[in-house]
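Engineer: What follows is the residue order along each chain.
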Amino acid sequence: MGTTPEQIDLLNVATSFCRDKSPIASVRTLLENELGYDPAVWQQIGDLGWLAIAIPEHYGGVGLGVGEIVPVMEQMGRTLFATPFLSTSMAAQAILKGGYEAQKQHLLPAIAAGQAVSMALGEHNNEWDLHAITASATRSKNGYILSGTKTLVLDLPSAAHVIVSVKRDGQSTLLVLPTADIAATAIRRERLIDETKRAYELKLDGIEVGEDAFFDPDKTADTLAHIHLVANLLGAAELCGGTQAVIDYTVEYLNTRKQFGKVIGSYQALKHPMVNAYIEYEKARSLLYAAANSFGEQGVGEIATRMAKAQADTALSFAADRSIQFHGGFGFTYDCDAQLYRRRAIFTASQYGDAAFHKAKLADLVLS
Amino acid sequence: MSAELDEYARAAEDWFANNTPAPPDFMLPLTFMEVGTDQQFDFLRHWQRAVYEAGFLGAAWPSAYGGGGLSQAHQDIATAAMRRHHGPIMLNAIGLNWTGPLLLDIGTETHKKKYIKGILSAEDIWCQGFSEPDNGSDLGNAQLRAVRDGDTYVLNGSKIWTTHGHYAKYMILLARTNPDAPNKYAGLSFILTPMKVDGIETRKIRKLTGEHGFTQTFFNDARIPADGLMGAEGDGWKVAMQTLEYERNARGGQAGGYVLSDVDPLEVLQMARDTKRGGKPIIEDPAVRAQLVEFAIEIQALNMGAQRAKIPPLVQDRPHGIPLMSKLAYTEYVRRIHEFATQLQGPKAAYYVDEPNAIDNGKWPRGYMNAFSATIGGGTSQIQRNIIGDHVLGLPKSR
Ligand SMILES: Cc1cc2nc3c(=O)[nH]c(=O)nc-3n(C[C@H](O)[C@H](O)[C@H](O)COP(=O)(O)OP(=O)(O)OC[C@H]3O[C@@H](n4cnc5c(N)ncnc54)[C@H](O)[C@@H]3O)c2cc1C
Chain H
1 MGTTPEQIDL LNVATSFCRD KSPIASVRTL LENELGYDPA VWQQIGDLGW
51 LAIAIPEHYG GVGLGVGEIV PVMEQMGRTL FATPFLSTSM AAQAILKGGY
101 EAQKQHLLPA IAAGQAVSMA LGEHNNEWDL HAITASATRS KNGYILSGTK
151 TLVLDLPSAA HVIVSVKRDG QSTLLVLPTA DIAATAIRRE RLIDETKRAY
201 ELKLDGIEVG EDAFFDPDKT ADTLAHIHLV ANLLGAAELC GGTQAVIDYT
251 VEYLNTRKQF GKVIGSYQAL KHPMVNAYIE YEKARSLLYA AANSFGEQGV
301 GEIATRMAKA QADTALSFAA DRSIQFHGGF GFTYDCDAQL YRRRAIFTAS
351 QYGDAAFHKA KLADLVLS
Chain G
1001 MSAELDEYAR AAEDWFANNT PAPPDFMLPL TFMEVGTDQQ FDFLRHWQRA
1051 VYEAGFLGAA WPSAYGGGGL SQAHQDIATA AMRRHHGPIM LNAIGLNWTG
1101 PLLLDIGTET HKKKYIKGIL SAEDIWCQGF SEPDNGSDLG NAQLRAVRDG
1151 DTYVLNGSKI WTTHGHYAKY MILLARTNPD APNKYAGLSF ILTPMKVDGI
1201 ETRKIRKLTG EHGFTQTFFN DARIPADGLM GAEGDGWKVA MQTLEYERNA
1251 RGGQAGGYVL SDVDPLEVLQ MARDTKRGGK PIIEDPAVRA QLVEFAIEIQ
1301 ALNMGAQRAK IPPLVQDRPH GIPLMSKLAY TEYVRRIHEF ATQLQGPKAA
1351 YYVDEPNAID NGKWPRGYMN AFSATIGGGT SQIQRNIIGD HVLGLPKSR
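For the protein sequence lines, the chains are H and G, in the order given.
Using our numbering, the first residue of the first sequence is number 1, and each one after it goes up by one.
Using our numbering, the first residue of the second sequence is number 1001, and each one after it goes up by one.
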């Protein structure tokens, strides 16, 4: 395992930026906000060039890899920072991997400059397999007419475009849709366990697209595989950062709350599980940076990414679960931050595969 | 890598390829704490001497005292070659891993000249006299009495669980020199003690596996030279803590090689392929697969952690976390994977070492029982959690 100087720079910059821009008070305020994030801060993120990190230079990007997005995503997870960063980073990777040259030239420079783009991959079938698609594109007079419903589309109203997966002539394919072409009535905000996130249901029925909306059909399989891993790597980063935060938050309480005349952190019934949570966190972070640095390496990258996501889910789920318990009655309140992290763990695990899912995949990869 | 390191790496690879002994017809210990018979002892002593004489042990220690005078990078290369060829463990663990680095750091010139070479060659076996029958985890409460009398100390009391006690020529001893000190820690001193003197006797203790391995050591008016004092009188606790950091790998400077062998998860995997239940290899059982994957994730995480610990920007929040957790995390992993491998065996889990029907000659159940040596010895897992809670997370002390 190694690290790049860019990663370290990004880690340092992201650590202070996220701490400054996403204090817990802002996180709490944004829970009630329809958009879910502060557009002014999003603008600053664009100006920092974070959306350009893994976009090649000839499309206006910085030309680094997906592994360099990890420290940024980790710090966003740590501060429960809400922005369309995750969805847009994924979309950029989808375009890069699966789009035609003209589409790349059209879409990537705008993203690199800070424009949000979303991904519509999920459906009601409740599958993690990105090929399990029933939405379709059928030939019409002027091009294609879409039908079906996509779910859990992140940050849709903020996005200029959305990348949608559909079946065309029985084949899975991706297409890009300007959100301006979507009627307001086709979009419904979904109610999520993680109130820092915004996701929407998107009804495609009746939307028309031209031939030029479609990505290269020969690249669909590779693109979906890539997106799956990008989502899980970034998800692992988000979970890992969250674990660090919830451990710090809980340790702080264990160091101040007194019962029976003693600070409760001196009780081993609390101290030892806290140490166990901490060890799981360190393991998660080691696997995360190992995955960040082998991402894209044939075979190795997939194993490392799945391990990272599985461990990060386990780590945050356990740490946040214990955090609620160890705060006692206060832990049961909306005011206690433990719930924010527990909700985050459930949400991020639910997207693109939880620990059990990745372990089953890993079994096939490493035990065969 | 420099040309010179390259050359050294080639030499090490060559040497271990040609000199690593074939497994003997008796079972070798997986850890230094398991050495139970003279046969095992002689075999391992011979092996350690051979590795040392070939220049692959103590490579980074100063040549003035018998070391190789090279760099840590050299030793790491040699150790890696030893691992690749599954060489047996190094025997003289307490000398190589904690006494040696301690002497090189704070010992006198005379200490270094007298002891370092014998540690490396396994000529002089070392043991550790910390734990007592009534004071184990509460090491600071050790009561063995040392009374200064001119150039000597007179020792009375007893130490227990002394690994290699009956083989050892020297002991690192934690003794109480001042029972009236303001607190229990301040009354302790750390003394290098010869074992073959009148008044010191060892009595072997049988381990849970039925073999011998450690001793109780009795001190009855035993008179030892006072020049073995490490640091000043009353500094014993500080010196003992430094020693424990070496023991737990939280501090570097060890001679090299390894004193605990790796468990190879691939062997467990192979067993899961070879062992059938209900007519099918148990590796097809989803519950077994899930467990195997969890072990794979765990060991990968620990290995990656060891690498990440060397990259300061990636451990800046709690820089001591990974070093302090490694003993706990690794020894518990070893215990659980042996337990799992034993459970995988079905009816054959009933068999033990040397039973012809046993899987892998019974090494898994034996390994499981022996694995507690490392989850108890060197500070129990519970005590490790206290240490991490207190020193890494900054929680208040539990006592
Ligand atoms: C194979 C082996 C080799 C050894 N070799 C040596 C050696 O060479 N030299 C030497 O000096 N010692 C040696 N030891 C001794 C070892 O260091 C002690 O056994 C260990 O420190 C525990 O002390 P104890 O046995 O007195 O157990 P105790 O301290 O009595 O512990 C009993 C139980 O209580 C728990 N416990 C105790 N205090 C606390 C606390 N504050 N919080 C939570 N739980 C607690 C312990 O974890 C343990 O589970 C060896 C031990 C083994 C098993």
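Derived from the structure by calculation, the hints contain no laboratory data.
Be a bit skeptical, because a hint or two may be false.
Each computed SDA-like pair below joins lysine to any residue, with the alpha-carbon atoms no more than 25 Å apart [as the list claims (entries may be wrong)]:
| no. | chain 1 | residue 1 | chain 2 | residue 2 |
| --- | --- | --- | --- | --- |
| 1 | H | Lys258 | H | Gln171 |
| 2 | H | Lys361 | G | Asp1274 |
| 3 | H | Lys361 | G | Lys1397 |
| 4 | G | Lys1397 | H | Gly331 |
| 5 | H | Lys361 | G | Pro1281 |
| 6 | G | Lys1397 | H | Ala269 |
| 7 | G | Lys1280 | H | Asp364 |
| 8 | G | Lys1184 | G | Lys1397 |
| 9 | G | Lys1310 | H | Ile303 |
| 10 | H | Lys361 | G | Phe1295 |
| 11 | H | Lys258 | G | Ile1299 |
| 12 | H | Lys361 | G | Ala1287 |
| 13 | G | Lys1280 | H | Ser368 |
Here are the simulated distance ranges between beta carbons [stated by the list, open to error]:
| no. | chain 1 | residue 1 | chain 2 | residue 2 | range |
| --- | --- | --- | --- | --- | --- |
| 14 | H | Asn126 | G | Arg1277 | 39 to 49 Å |
| 15 | H | Asn125 | G | Pro1356 | 46 to 56 Å |
| 16 | G | Lys1169 | H | Asn12 | 51 to 61 Å |
| 17 | G | Asn1249 | H | Pro23 | 50 to 60 Å |
| 18 | G | Pro1133 | H | Asn12 | 45 to 55 Å |
| 19 | H | Asp364 | G | Ala1022 | 34 to 44 Å |
A partial selection of chain G residues facing chain H, derived with a Cβ cut-off under 8 Å [claimed, not checked]:
| no. | residue |
| --- | --- |
| 20 | Ile1205 |
| 21 | Val1268 |
| 22 | Leu1269 |
| 23 | Glu1294 |
| 24 | Ile1297 |
| 25 | Gly1305 |
| 26 | Gly1321 |
| 27 | Arg1385 |
| 28 | Lys1397 |
Predicted model only: the values in this text are computed from it and were never measured.
Where is the CB? At the ideal position from N, CA and C, for every residue including glycine.
Engineer: Hinted pair, alpha-carbon criterion (25 Å max): lysine 361 of chain H, alanine 1287 of chain G. Please report holds or violated.
Structural biologist: holds (14 Å)
Engineer: Falls inside 50 to 60 Å, the C-beta gap from asparagine 1249 of chain G to proline 23 of chain H?
Structural biologist: For proline 23 of chain H against asparagine 1249 of chain G, whose Cβ atoms are near 39 Å apart, the range 50 to 60 Å is violated.
Engineer: Taking the closest Cβ pair, is glycine 1321 of chain G under 8 Å from chain H?
Structural biologist: For glycine 1321 of chain G, the interface hint holds, since the closest Cβ of chain H sits about 6 Å away, which is under 8 Å.
Engineer: Just to be careful: measuring from the Cβ of leucine 1269 of chain G to every Cβ in chain H, is the smallest value less than 8 Å?
Structural biologist: This interface hint holds because 7 Å falls under the 8 Å limit.
Engineer: Taking the beta carbons of lysine 1169 of chain G and asparagine 12 of chain H, is their distance inside 51 to 61 Å?
Structural biologist: holds (52 Å)
Engineer: Regarding the pair lysine 361 of chain H and proline 1281 of chain G, is the alpha-carbon distance no greater than 25 Å?
Structural biologist: Holds. Lysine 361 of chain H to proline 1281 of chain G sits at ~19 Å (cutoff 25 Å).
Engineer: Please work out if lysine 1280 of chain G and serine 368 of chain H have their alpha carbons no farther apart than 25 Å.
Structural biologist: Since the Cα atoms of lysine 1280 of chain G and serine 368 of chain H sit roughly 15 Å apart, the hinted pair holds (cutoff 25 Å).
Engineer: Could you check if glutamate 1294 of chain G really has its C-beta closer than 8 Å to a C-beta on chain H?
Structural biologist: holds (7 Å)
Engineer: Is lysine 1310 of chain G within 25 Å of isoleucine 303 of chain H, Cα to Cα?
Structural biologist: With Cα atoms ~23 Å apart, lysine 1310 of chain G and isoleucine 303 of chain H stay inside 25 Å; holds.
Engineer: Would the pair lysine 258 of chain H and isoleucine 1299 of chain G pass a check requiring their Cα atoms to be no farther apart than 25 Å?
Structural biologist: violated (38 Å)
Engineer: Holds or violated: lysine 1280 of chain G and aspartate 364 of chain H, Cα atoms, limit 25 Å.
Structural biologist: holds (17 Å)
Engineer: Please check whether asparagine 125 of chain H and proline 1356 of chain G have a Cβ separation lying inside 46 to 56 Å.
Structural biologist: Given range 46 to 56 Å: holds, Cβ gap about 55 Å.
The structure shown violates the earlier hints numbered 1, 3, 11, 14, 17, 20 and 21.
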